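Q: Each chain is listed here by its residues.
Protein chains: 2
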Amino acid sequence: MARETFVVIGGGPAGMTAASRVKRLKPDARVVVFERSRYVSYAACGIPYYLGGLVDSLDRLVHYPVSVFREKRGIEVYTETEVVSLEPGRAEARGKEGDFTVEWDTLLVATGARPVVPPIPGVDLDGVATLRILEDAERTRKLLEGARRVAVVGGGYIGLEVSENLRERGLEVLLFEMLPHVMPTLDGDMASYIEEELRRHGVELHTGEPVRGIRGSGRAEAVETDKGVYPVDAVILAVGVRPDTRLAEMLGLELGARGAVRVDSKLRTSMEGVYAAGDVAETFNRVTGKPDWIPLAPTANKMGYVAGTNMAGGDIEFPGVVGTAVTKVFGLEIGRTGLTEKQAREAGFEPLSVHISAKTRPGYYPGGGVLRLKLVADKASGRLLGLQAVGVEVLPRIDAAAALLYHGATVKDAFFTDMAYAPPFAPAWDPLVIAARVAMRKLK
Amino acid sequence: MARETFVVIGGGPAGMTAASRVKRLKPDARVVVFERSRYVSYAACGIPYYLGGLVDSLDRLVHYPVSVFREKRGIEVYTETEVVSLEPGRAEARGKEGDFTVEWDTLLVATGARPVVPPIPGVDLDGVATLRILEDAERTRKLLEGARRVAVVGGGYIGLEVSENLRERGLEVLLFEMLPHVMPTLDGDMASYIEEELRRHGVELHTGEPVRGIRGSGRAEAVETDKGVYPVDAVILAVGVRPDTRLAEMLGLELGARGAVRVDSKLRTSMEGVYAAGDVAETFNRVTGKPDWIPLAPTANKMGYVAGTNMAGGDIEFPGVVGTAVTKVFGLEIGRTGLTEKQAREAGFEPLSVHISAKTRPGYYPGGGVLRLKLVADKASGRLLGLQAVGVEVLPRIDAAAALLYHGATVKDAFFTDMAYAPPFAPAWDPLVIAARVAMRKLK
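Top to bottom, those sequences are chains A and B. Everything in the first sequence is counted per this note's numbering, starting at 434 for the first residue and increasing by one. Everything in the second sequence is counted per this note's numbering, starting at 434 for the first residue and increasing by one.
Hint data in this document are derived by calculation from the structure and do not stem from the laboratory. It is possible that part of the hints are untrue.
[Unchecked claim] If you want the footprint, here are the derived chain B segments under chain A, 3+ residues with CB under 8 Å:
| id | region |
| --- | --- |
| 1 | 472 to 480 |
| 2 | 832 to 842 |
[To be verified] Restricting the straight-line Cα-Cα distance to at most 27 Å, the calculated cross-link-like pairs of lysine-lysine (DSS-like) are:
| id | chain 1 | residue 1 | chain 2 | residue 2 |
| --- | --- | --- | --- | --- |
| 3 | A | K456 | B | K877 |
| 4 | B | K877 | A | K877 |
| 5 | B | K761 | B | K775 |
| 6 | B | K845 | A | K723 |
Note that the coordinates shown come from a computational prediction; the quantities given were computed from them, not determined experimentally. Virtual Cβ for every residue (Gly too), placed ideally from N, Cα, C.
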């Protein structure tokens with residue numbers, strides 16, 4: 434009898450977590466990972482900081498070198514190897530170490546997401562970059578070496594982090610966002626604080642201004658919008674990602690929420706023996722109660738854990754996410770969890786929104802700063818639907834709200850949450866508790 | 434018909450929150466507050482930082498001056514006024530503004546806690562201080578002016594914060610704790626990291642060494658234990674507090690958990706029309722499911738809110754606390770929520786404990802540091818029972834765990850909590866999630 438064989442396509446957080454999990458639970462099984470890029474287990478989220486120079490070498494973005502997986506964990510990892518054919522029970526791959534045909538018993542599709550390249554003229558010029566894998570980072574850092582003035586297209590997490598990092602390097606940055614506000618995962622009223630911070634740090638901000646094309650002869654020389662033509666030395670596209678379902682579709686897997694691979698709570702796809710996890714797969718939104726697609730590394734890690742456990746014969750469900758994300762733009766911390774007011778309305782709730790601004794220390798204690806919170810609740814039930822935070826020390830409030838949202842907590846539960854207090858850390862009335870108190874009053 | 438009259442005894446967080454709440458809900462009612470000290474709405478937790486000089490003036494520890502309550506909120510506040518007689522429907526008080534007799538319809542006992550003075554010789558010598566009200570702080574700061582070498586008796590929150598602050602002023606500090614470890618609200622294994630930090634910063638630590646007496650002729654000159662006699666210039670007693678139930682007992686109220694005034698979930702005492710809130714009252718521990726006494730400012734604030742609402746005819750329950758507390762000792766942050774392993778065992782659980790040590794940033798991102806967590810779970814049910822944290826950035830993990838404990842979450846819920854991630858803030862596997870993952874494995 435042939436050794437039981439598991440194939441994992443994609444060596445990102447979901448793939449490597451799942452592969453490690455399978456090998457741990459079934460040490461005698463054959464576990465094969467195919468990864469297109471040169472690296473596995475890498476931190477794509479660190480790319481903006483590599484561009485800015487805060488992270489000096491690409492190797493530092495790799496959590497574990499391939500050798501750890503190969504030698505310590507006994508996983509067959511093939512990097513720079515692309516799966517070229519996929520059918521039930523069989524995968525063919527080609528790469529630097531040769532061609533492989535593997536007969537698999539169980540498959541994990543963990544092919545992640547790929548950058549959206551907007552269908553505008555000039556995107557394939559030299560000097561235009563997208564950022565997803567570490568090789569992109571390397572190319573882009575080289576690209577920036579001679580640059581003085583750079584256009585960043587897209588005002589989401591990556592676009593903002595890249596803008597910050599390029600400013601820190603002393604470059605001129607023009608940030609283009611087609612929507613009226615940056616950071617569309619926040620409501621516009623909260624996003625406007627981020628826009629102030631960007632301008633204060635010299636980012637030339639163009640919101641509500643879609644890029645129509647990139648001009649240049651051979652090399653990008655200018656960005657064109659309805660309002661003007663802006664000469665630049667390089668263009669970084671950060672307009673979003675979509676699930677990389679090409680191989681999943683080759684296999685005939687059903688797609689679900691927002692074009693991601695449909696999975697059940699055990700992360701099984703529509704095909705027997707095939708699982709999907711990470712950015713390629715849909716997830717479940719505990720606040721809306723519906724499938725959703727929220728591609729983020731912690732979710733990918735946990736989906737990998739769940740998929741790997743189930744692939745190896747275990748039994749664990751992925752309970753879903755609430756949509757937590759944070760970032761930092763210059764001196765401003767930004768966090769969100771659950772639904773924004775806009776998302777709540779789209780999901781069919783009648784939302785109540787509360788804004789507060791509070792100090793993160795008692796008045797007499799030095800340090801801390803101002804934290805602005807927007808709490809969104811369901812008018813009908815009093816249920817907490819989401820929290821947005823900008824300012825300082827967002828993490829404790831966002832993490833506590835994430836835990837509350839996980840459990841379907843009400844605003845009253847949020848008020849009574851036993852948040853930590855001591856003068857060096859937080860005021861006796863924590864900002865989250867204050868926001869909940871205001872919401873309680875308004876819900877009456 | 435006489436105006437409906439509410440009397441609040443005690444102008445601390447619970448009393449002033451309740452008085453404000455009553456006046457807000459019943460603007461026409463008469464609301465009288467009696468406070469023994471010169472200040473209301475003050476932050477006793479700031480006293481250690483006043484002693485250390487970080488807070489320069491006592492006035493800064495007062496959240497709102499009396500005039501705000503009197504003029505803006507229409508509350509009759511009498512400071513430096515002591516209630517000398519209390520019977521159903523009637524209170525007599527004496528103070529700087531005269532003698533008062535008030536016929537009350539509804540009463541709140543919010544007399545707080547008072548420092549335990551150990552029954553040892555010499556505690557009434559000059560140069561021996563306890564810290565509870567702001568006047569204590571003033572006296573103690575004067576006392577320290579000529580001092581070079583100070584004994585702090587008691588290694589709980591106040592004792593540690595005072596030790597840190599006196600060291601920061603350049604004083605020699607001898608810290609005496611009768612138990613084997615400082616900070617008895619943590620397990621000994623976690624407390625030992627605090628002891629290292631104290632020693633590293635030059636605190637002369639005497640654990641397991643009860644103070645038998647204070648020597649001196651008229652003025653404290655030395656502290657005596659079984660192991661020696663230690664010459665000092667001043668002694669600060671911080672051996673704990675107990676509920677100040679003297680007036681409650683005069684009225685004949687029943688006492689409950691750990692000698693605090695017994696209350697139901699609406700904070701009603703055993704007597705019709707009489708409520709209790711804050712440090713004088715018992716609370717409900719959501720983790721053990723039993724009455725408990727955990728005197729802390731955020732709890733007092735919320736109990737005041739609940740008591741005030743119900744006194745004014747509203748209907749709200751206090752759902753209890755999980756026992757969250759944080760502090761900082763030199764460079765070490767310390768947090769805890771729920772039960773320690775020892776407390777879990779005492780409460781009848783069979784606890785599983787997990788220790789982890791994790792970085793609070795991805796390896797490639799600068800900043801952050803090491804956070805040590807001890808997670809305690811119930812072996813039988815997998816329920817999360819508590820979290821202890823020492824190191825850096827304890828707040829997000831303690832606050833998230835507090836929210837989880839509030840909802841009776843399991844270790845698996847903790848693992849799947851959608852904690853925030855971004856390189857400037859936290860690693861993709863948050864330390865809390867790592868601790869939960871290890872606990873999940875051990876629970877199998």
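Q: Determine for every hint whether it applies to the structure shown.
A: Now for the hints, and whether the structure bears them out:
1. Requiring three or more residues with a Cβ within less than 8 Å of a Cβ of chain A, the coverage given for the region 472 to 480 of chain B holds, as 3 such residues are present.
2. Given a C-beta distance limit of less than 8 Å, the hint that chain A covers the region 832 to 842 of chain B holds, as 10 residues qualify and 3 suffice.
3. Between the alpha carbons of K456(A) and K877(B) the distance comes to roughly 18 Å, so the proposed pair stays at or under 27 Å and holds.
4. The straight-line distance between the Cα atoms of K877(B) and K877(A) is roughly 45 Å, outside the 27 Å bound, and the hint therefore fails.
5. Taking the CA atoms of K761(B) and K775(B), the gap is near 22 Å; set against the 27 Å cutoff, the hint holds.
6. Proximity of K845(B) to K723(A) is assessed by CA-CA distance (about 21 Å); at most 27 Å being required, the pair is judged to hold.
Going through the hint list in order, the structure does not satisfy hint 4, though it satisfies all others.
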